[in-house]
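**Q** Here's the letter readout for the chains.
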Amino acid sequence: MSKRSDGRLRGLLRKEFLQIGRDPSSIAIAFLLPAILLLLFGYGVSLDARNVPIALVAESPDADTQSFMARFEQSPFFQPRNFATIQRADRAMLMREVRGVVWIRANFSRQLRTGVAPIGVIVNGVDANDARLVEGYVQQIWTSWIAARAQEARIPTPIPVSVEQRVWFNPAVESRNYLVPGLIAVIMTLTGSLLTAMVIAREWERGTMEALMVTRVTMRDILVAKLVPYFLLGMGGMAASVAIAVWLFGVPLLGSISVLVAASTVFLLAALGMGLLISSAARNQFVAGQIAIIAAFLPAFILSGFLFDIGSMPTPVQFITHAIAARYFVAVLQTVFLVGDVWSIVVPNMAALVAMAVFFLGAARLMSRKRLD
Amino acid sequence: MPLANEATSAILINEVKKRFVAGGRAVTALDGVNARIRRGVVTGLIGPDGAGKTTLMRLICGLLQLDSGRIEVLGIDSAKDPLAVQSRVGYMPQHFGLYEDLSVQENLDLYADLQEVAALDRPARYAELLHMTGLSPFTRRLAGKLSGGMKQKLGLACALVRVPQLLLLDEPTVGVDPVSRRELWGIIDRITRAEGMTVLLSTAYLDEAERCNAVLLMHEGRLLGQGDPTTFTDAMKGRSFRVTARDVNKRRLRERLAATPGVLDAIIQGAHVRIVLDRATNSSEDVELPDRDGVEISPAAPRFEDRFVDLLMARGAGRPALLVDLPPAAAAGAAEDVIVVERLQRRFGDFYAVNDISFSVRRGEIFGLLGANGAGKSTTFQMLCGLLPATSGTLRVAGFDLRNARATARKRIGYMAQKFSLYGDLSVQDNLRFFSSAYGLFGARRRARIAWALAEFELAPFAQATSKDLPLGYKQRLALACALMHEPDIIFLDEPTSGVDPIARRDFWRWINILAERGVTVLVTTHFMEEAEYCDRLAIMAHGRILAEGASESIKARFRTAERPEPTMEEAFIALIEQKEAEAA
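Respectively, the protein sequence lines represent chains A and B. Numbered by this note's numbering, the letters in the first sequence go through residues 1 to 373 in order. Numbered by this note's numbering, the letters in the second sequence go through residues 1 to 585 in order.
A few of these clues could be false.
From the derived model, a few chain A residues whose C-beta atoms are all more than 12 angstroms from chain B [what the hints assert, rightly or not]: (1) Val52; (2) Gln87; (3) Thr215; (4) Ala323; (5) Arg371.
Here are the simulated BS3-like cross-link-like pairs (lysine-lysine), alpha carbons at most 27 angstroms apart as the crow flies [said to hold, decoys possible]: (6) A:Lys370 with B:Lys80; (7) B:Lys145 with B:Lys80; (8) B:Lys580 with B:Lys145; (9) A:Lys370 with B:Lys17.
Pair by pair, the computed Cβ-Cβ distance ranges are [unchecked claim]: (10) A:Gln318 with B:Arg122: 57 to 63 angstroms; (11) A:Val224 with B:Ala301: 44 to 50 angstroms; (12) A:Val224 with B:Gly424: 48 to 54 angstroms; (13) A:Tyr43 with B:Tyr423: 41 to 47 angstroms; (14) B:Arg193 with A:Ser25: 25 to 31 angstroms; (15) A:Arg88 with B:Ala438: 37 to 43 angstroms; (16) A:Glu205 with B:Pro299: 45 to 51 angstroms; (17) A:Val224 with B:Asn34: 36 to 42 angstroms; (18) A:Leu298 with B:Ser68: 20 to 26 angstroms; (19) A:Trp247 with B:Arg25: 56 to 62 angstroms; (20) A:Trp247 with B:Arg122: 29 to 35 angstroms; (21) A:Gly21 with B:Ala582: 37 to 43 angstroms; (22) A:Trp247 with B:Phe351: 43 to 49 angstroms; (23) A:Ala262 with B:Arg122: 37 to 43 angstroms.
No lab work stands behind these hints, which were simulated from the structure alone. Please read these numbers as outputs of a predicted model, since none were measured by experiment. We put the beta carbon where it would ideally sit given N, CA and C, even for glycine.
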């Protein structure tokens, strides 16, 4: 590299930083949007069911039904509402006021003493995930109530097996702990691919790229000058996200910072490579934005395993996820945050990320020619 | 193999062909172009939009790949070693290629870094360029906050930051005010004379040909002619005349002259009709002028545009003008004002886009708003169409106050937007159908109007063609037809003919003239000095104000001097701005 090329590169880099500093939209995408996403996912979106409104119908209330229903009141998962008849409870469910109905018939106490006491549980199956959670929680309440009653009455417990639960890796069973690390991958895709592709498309749109090209500048200069600032911006966004995750949300960070930084670096390079590749094909901001969202952002959101478990996807979709860089990064992030530096997971995923970074950056270099056609 | 005349040629263009494929459709941008561009002079690459000027410029810079042929720039094959070409030339693309969020100085620094200007040489070069462009007081201002003329000069300064052997300017003067245009030409003259630089400049303004040392005239991917601009005008010697009639209205006179055998071209120019005779007709004596008694004919200086029209006609571009039936002329003085604008203002933040303007337009009149980009023309238009509320002032259109009867007024208005706003993916017929429905036409009336539009504008052969595939001139016709579907009394035309070739422009203006004769009031914005001459009256706008208003003849007459007995519209415009600036100072 000659001294002259340094001069060109320095000029381009200075320009790039000045533009980032003066353009509120790139700062917003790099820092404000991550913060909003993190707060949204950290506080708003949760895959846990808490305070689920549920209807309780006791057709003839007595001491038994009361002690059973008290369990719902105590449970952190439910917010029970009492209804006198099943018809009213059904109506409340149709109005989406409650998400399930627990129906205790008039003969409950009598049947309880004779042996079999059925209770009716109706759940709204529209949201299958939610329905299953509600179902599970109701069952849990019911079994623990039976067990407690048996203990009180000193009669042999009708359930011979008792479950002792241990939750590994996310002892608080907080979905936030699991979502926030994955979100960092989404955020870095945003800066690496979307922002970079749009910024270059803007140069095409405004005709500045054409003016740049008729100078001594080389395509290598142009690519490097785009890589460096947006790499720094992406890493800045990553650092801010990790800080928010650890200090605001109390997500544990059990692995080492160095593995986190290494994985982020490689992933960001792959995302930047993708952004550069998109911009070599799309020369207006609208198209560049669309492609980046469809090819990078949405897959990182849906197919990376950050929100939906890859193992439970249909096989062909699982196969597709292998082409998504975010998938490997999410795996590393979740491991590093919640488990620690587990090399058997970190190493193969890192290797995949390196391969993808090399592929995208190489393809971007090959596709970017100092020409307009 | 070295090509001939290498010593005196800056650029050699040999059998260059270039096609683009877009959406499965191939467009021939350049179809076998041969040219030689001399060193040390200004060469103008002149032609309407779509002629292939930008493609040729980009090929010269090595930004596009040739399909076939060869281009040699300063002795270098631009296809083989584009980087060598790019490091020797200065290039200003359309829209100047500036970073609007960087300051003047930062833009200069960037291009100096990219062109590897040594740090030691920079202070002197910057000082020189800033002085030359008059940008010294504005070095810290962001490029995006500069006026159009200043951006153009900054773009030029960036292209010149390392003294190039060849300067390429792609449409540097489009849309900028005439004062900036003249200043740019002053700079170009100076650098070619003082530094011996070679300049190649593209433009769609035919009147700029006369300022070049050599001209390449392009049309639809082919070179129509090349040489000294005087060779173009010399070929037309003795064929241009100015016709004035005492009793006949100029538009009717033009119609009849255009239909007269031996007349190649007839256009309205202020109060006269300017005619050009065809090649076979040697003198004005041979032409059967209508009403010989009342008509005066006098020779006029040939113009570059005459030759262009002549060449296009020779290629069969034109068609014989048919005499249309016009309604009997309205009694003089009967026309009432249909557009009245009083003390109109429009403010955006603390910026006045339109600042206290007043004018009125009579029925059947063609009124022009002339000014550079940013003068306030389009803002005025949007307010007249009821698309933008006025900050203050009165606006009456067809008798309705736009403050409270916007929808009613709008029914009487036809509007043809800049760039035509057609649905490119719809066919011609579907565009007409859509626009007529949008104006509330249905059933038999709609069918009748579509049939009328297809016949009147000769669009019938293209009825099923996709609009975006139409030639520019036909797009323009279709846009006009769409704006006329509901038979409006008033029609607004925003920059209707920028970039189209002279034949298409003539066709377009012929329809406008006919509409005006039928009593339709026409309001036109333009930054094209020549087009202003087609209007009955015009208002010259700059910085949101009207500087002068009246017939083009009377505005020009105000700036008649001993050394400039017949000022052009542009000269009058410049003199007017200078006068206003002197008053302000």
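**Q** Can you tell me whether the CB distance of A:Arg88 to B:Ala438 sits inside 37 to 43 angstroms?
**A** violated, 53 angstroms
**Q** Range hint 43 to 49 angstroms: satisfied by the CB atoms of A:Trp247 and B:Phe351?
**A** Given a distance of about 45 angstroms, which is inside 43 to 49 angstroms, the answer is holds.
**Q** Can we confirm that no CB of chain B comes within 12 angstroms of the CB of A:Thr215?
**A** For A:Thr215, whose nearest Cβ neighbour in chain B is about 4 angstroms away, the distance does not exceed 12 angstroms, so it is violated.
**Q** For A:Ala323, is the shortest CB-to-CB distance to chain B above 12 angstroms, so the non-interface label stands?
**A** Given a closest Cβ separation of 29 angstroms, the condition holds.
**Q** Can you let me know if the beta-carbon spacing of A:Gly21 and B:Ala582 is within 37 to 43 angstroms?
**A** holds, 42 angstroms
**Q** Regarding A:Val224 and B:Asn34, is the given constraint of 36 to 42 angstroms on their beta-carbon distance met?
**A** holds, 40 angstroms
**Q** Run the distance test for A:Lys370 versus B:Lys80: straight-line Cα separation, threshold 27 angstroms.
**A** holds, 13 angstroms
**Q** Minimum Cβ separation between A:Gln87 and chain B greater than 12 angstroms?
**A** holds, 53 angstroms
**Q** Check whether the Cα positions of A:Lys370 and B:Lys17 lie no farther apart than 27 angstroms.
**A** holds, 20 angstroms
**Q** Are A:Leu298 and B:Ser68 spaced within 20 to 26 angstroms by their CB atoms?
**A** About 43 angstroms separates the Cβ atoms of A:Leu298 and B:Ser68, which means 20 to 26 angstroms is violated.
**Q** Taking 12 angstroms as the cut and beta carbons as the points, is A:Val52 off the interface with chain B?
**A** holds, 50 angstroms
**Q** How does the Cβ-Cβ distance of A:Gln318 and B:Arg122 compare with 57 to 63 angstroms: does it lie in that range?
**A** Once the Cβ atoms are compared, 59 angstroms apart, the range 57 to 63 angstroms for B:Arg122 and A:Gln318 holds.
Of the hints listed earlier, those the structure fails to meet are numbers 3, 5, 7, 11, 12, 14, 15, 18 and 20, in rising order.
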